[in-house]
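Chemist: Go by the hints and put chains B and C onto chain A.
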Amino acid sequence: MNVVEAVDLRRTYKTTTGTIRRRSLEVEAVRGISFAIAEGELFGLLGPNGAGKTTTIKMLITLLIPTSGEARVLGHDVVEDARWVRERIGYVFGGDRGLYERLSAMDNLRYFAELYGVEPKGQRARIDELLELVGLKGREKERVEGYSRGMRQRLHIARGLLHDPPVVFLDEPTIGVDPVGARELRATIASLTASGKTVLLTTHYMFEADALCDRIAVIANGEIVAQGTPQELKAGVADGSVVEVEVFGVEERSVERLRQLAGVRAVTVEDQEQKQLLIVQTAPGLELTHAILSQLDGASVGRVSSREPTLEDAYVALVTAA
Amino acid sequence: MLRLLWVGWVMHMKMLTRSAFNFWLGIVYPLFFATAAFFMFQSGDDPKPLLYASLGAAVMGIWGATSTAAGAALARERWTGTLELLVTAPAHFALILLPVTIAMATIGIYSMISTLVWGRLVFGIELEVGDPLAFVLAVPATVVSIGALGFLLAVAFVRFRQAWALGNMLEYPVWLVSGFLVPLTLFPDWVRPISWALAPTWGISAIRGAALGGSPYGDIALALSLGAGYTLAGILLLERALRTARVKASLSLS
Amino acid sequence: MSNTAPESRVPRGVRGGAGAWLRRAGGAAGQGRVGVRVFFVGGLISYRALFGWLSPWVFIPSLLVAPVFQILLFVYIGRSAALESDEFYVIGNGLQYASIPCVFAMTNIIAGERFQQTLGSILITPAPRLPLFVGRALPVVLNGFFVAAFGLVVGGLIVGIDVPASAYGPLALVTAVSALSCTGLGLLSAGLGLIVRETAVLSNVIFGILLVCTGANVPLDALPGWLSTAAQGLPFTHGIEAARLLADGAAFGEVARLVGSEGLIGIVYATAGYLLIRVLELHSRKHATLERA
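Protein chains in written order, with the numbering used here: chain A, 1 to 322; chain B, 1 to 254; chain C, 1 to 293.
Hints listed in this document are in silico derivations from the structure and should not be mistaken for laboratory results.
Heads up, a few of these hints could be off.
[Claimed, not checked] Sample of chain C residues facing chain B (criterion: CB under 8 Å; computed from the structure): (1) 58; (2) 61; (3) 62; (4) 66; (5) 69; (6) 70; (7) 72; (8) 76; (9) 80; (10) 201; (11) 204; (12) 223; (13) 226.
[To be verified] Per label pair, the in silico range of CB-to-CB distance: (14) C:289 with B:113: 33 to 39 Å; (15) A:27 with B:233: 55 to 61 Å; (16) A:146 with C:30: 34 to 40 Å.
For each residue, glycine too, the CB sits at the ideal point set by N, CA and C.
So that you can see chain A by itself, here it is in the shape it has in the complex:
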């Protein structure tokens, strides 16, 4: 059975602009998204900022009603059976807001335990267990306002698991967390599916999705542009290769010409201190290094290398094509 199902979900926002002459503007945040997550699966929703990831999650967790389309959790409609669904899902925010700053971690958890109807007798033990799980044991009496970002994020996770929900939604849970902390968080996330929970994770870190997810949907401009296992997505670009060129002061004109070059699939420019890194994805069986260099108008060129494509390249190709 599919635990989470989205069928042609759409969501438009009305925004108004201008103070004197107010104009109403319709923004399509999500335009017809469909996917299904099987029990025990860790499903990744991958996409750039503003692609519609958070809007999609908000529809699934009953916070927003879809403009059209349907969404079901454990077979129940998220609009019709909102309360039934709410009892069975956990939601973990990304970022360091969304906690009661003046309360201790303990009180934050106690409050939500009440709201989720966790049996009073088992509450203490349950909270202890979760504090242990997320590594906040010993700090639970301190006020949240003194917590680091990583600690806040871990508290968010504990809160999302209080009522032991079978389905967990994680919205960019590692954003802004230091590398060691993020690694620990990923271990915790992986352990969720190991215990049979179904997880939907949004992220824009490629390696995170690669490491954690059983399947990934790449979302751009409110639409799913590709869906599959990390391997399948990589396979989409695996037949080609990637040429990386270090340049000092490349012009936008040259990059544009590179994009027009036959056999070039995508070009991205990464700024690195005083130089730029050009990442050129090419079709298979072509040796384009020379042609690429000749388009650079004599800009000073540093190291040139060629490598196998990664999931990140697959993602860049998908998102830039959208």
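Modeler: Chains B and C only, in chain A's frame:
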């Protein structure tokens, strides 16, 4: 130095007048007190207290804006993290702080005008300024001296996180003992010295003197010299407060 | 990159199965128990979480010292123009100052969820909404009662007011009902606070209206007719009148109607406030209006 004070004042005036909160609350809030006072004095038989109160109620807003906002503004700077930037700026912190509180007192002039207009339109209180020149001198003198008092408080506030609450607390007592609405002679004797030490007492006395007849110039001089005294005391206190704050790390929230 | 977690080990805290910890108590009784806990326990925790005035540095100056000076200010105005008795102003301002804790706290405790960005987390819980929102009012009423009682007692002692001992009990009841009534208005203000950004302006304006119109300082017959009519629909108007009568020696039976009106007004406001919050919640699900201002 004067330039820094001027630029700071202009900048804070801009910031304060652009914030709907400060602007509307600064005007509307004192109007409620003025309205209550006008209704009360109106129901009495004597018309003189109403005239007396209308000027007092008008000046109440200057102190109200200063006392409540002085704490709140620093709390905001602390919240946004700019307090640390200001303290570490090369200019003396006093030169940065003083224009803030004077700008707040200046905002009170809006409420002064609106209160007088409100009194005229709704309650028909006709005020004729007897000595316009003295009035034009008395109002800014009052504003500057109240701003200086606000500065002295703000210095005390730098060390307290919940300074805004202390500022709020001081709103009523100064309204009361400065004689904004009631004559000082009604108070017990031990209150007198406190009234005399408060510049608003002399400010409102000068404004009343200018408008209703009297000798305002001595009061103006007293208000201004008290203001200078507050500023001096504030600067000395500030030196100590900043040192303590650096030792105790109480400037920032994090 | 490989999975960083050893798949074989399931840490404590992560359990299998669906909602092993979820309360199994089904039916109306089980729901009722959840509701009662959300009302009392949840209400108290969220009060501590969202009302920032509980620190003594705020509580004492704002809620204990300021009301006494408000009382003194108006007592002296009254004396200077030979208006009403000292008792008139002590009772009027003592009770009316409860609007500061009642309106500000109630507004902060609900509209504050928006600034803390916790509203989304609250709204996706299955918690029953009536105890979730209205449970937050109980600590507010208690606090309002305490603040008003403190102002009345201390203000009365400083000014020197004589109230018959037999009136203490009924006065306490009137104070409690007035605090409840104003908290009802606070709930409506909280609903409005979810729409407007400047909740502090809103609360201050409500305070000002109550200061002028409830008879706290200006006798109702000194107000323009339309204003004193409108005052009949405000919290405190009936409570203040009842308290003054009690202090002058009236029996409780004589003011029972006033006390009943005072309570009823509060319940009407509270109902309107609760309905507004519910409407906004439903509206927000459709139009994404409540989160992230």
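Chemist: Does the Cβ pair residue 289 (chain C), residue 113 (chain B) satisfy 33 to 39 Å?
Modeler: 38 Å, holds
Chemist: Hold the hint about residue 58 (chain C) up to the distance rule: shortest CB distance to chain B must be less than 8 Å.
Modeler: 4 Å, holds
Chemist: Let's test the interface hint: is any C-beta of chain B closer than 8 Å to that of residue 70 (chain C)?
Modeler: 6 Å, holds
Chemist: Hold the hint about residue 66 (chain C) up to the distance rule: shortest CB distance to chain B must be less than 8 Å.
Modeler: 5 Å, holds
Chemist: Is the shortest C-beta separation between residue 61 (chain C) and chain B less than 8 Å?
Modeler: 3 Å, holds
Chemist: Against chain B, is residue 76 (chain C) within 8 Å by beta-carbon distance?
Modeler: 5 Å, holds
Chemist: Given residue 226 (chain C) was flagged as interface, is its beta-carbon under 8 Å from a beta-carbon of chain B?
Modeler: Since the shortest Cβ distance to chain B is 13 Å, the answer is violated.
Chemist: Checking hints one by one. Is residue 223 (chain C) an interface residue toward chain B, by the C-beta closer than 8 Å rule?
Modeler: 7 Å, holds
Chemist: Under the criterion of a CB-CB separation shorter than 8 Å, is residue 204 (chain C) in contact with chain B as hinted?
Modeler: 6 Å, holds
Chemist: Can the suggested window of 34 to 40 Å be confirmed for the beta-carbon pair residue 146 (chain A) and residue 30 (chain C)?
Modeler: 38 Å, holds
Chemist: Would you settle whether the hint for residue 201 (chain C) is holds or violated, based on the nearest Cβ-Cβ distance to chain B being less than 8 Å?
Modeler: Residue 201 (chain C) check passes; min Cβ-Cβ to chain B is 5 Å, inside 8 Å.
Chemist: Checking hints one by one. Is residue 69 (chain C) an interface residue toward chain B, by the C-beta closer than 8 Å rule?
Modeler: This hint holds: residue 69 (chain C) lies near chain B, its Cβ roughly 4 Å from the closest one there, short of 8 Å.
Comparing the model with each earlier hint shows a violation of hint 13 alone; every other hint is respected.
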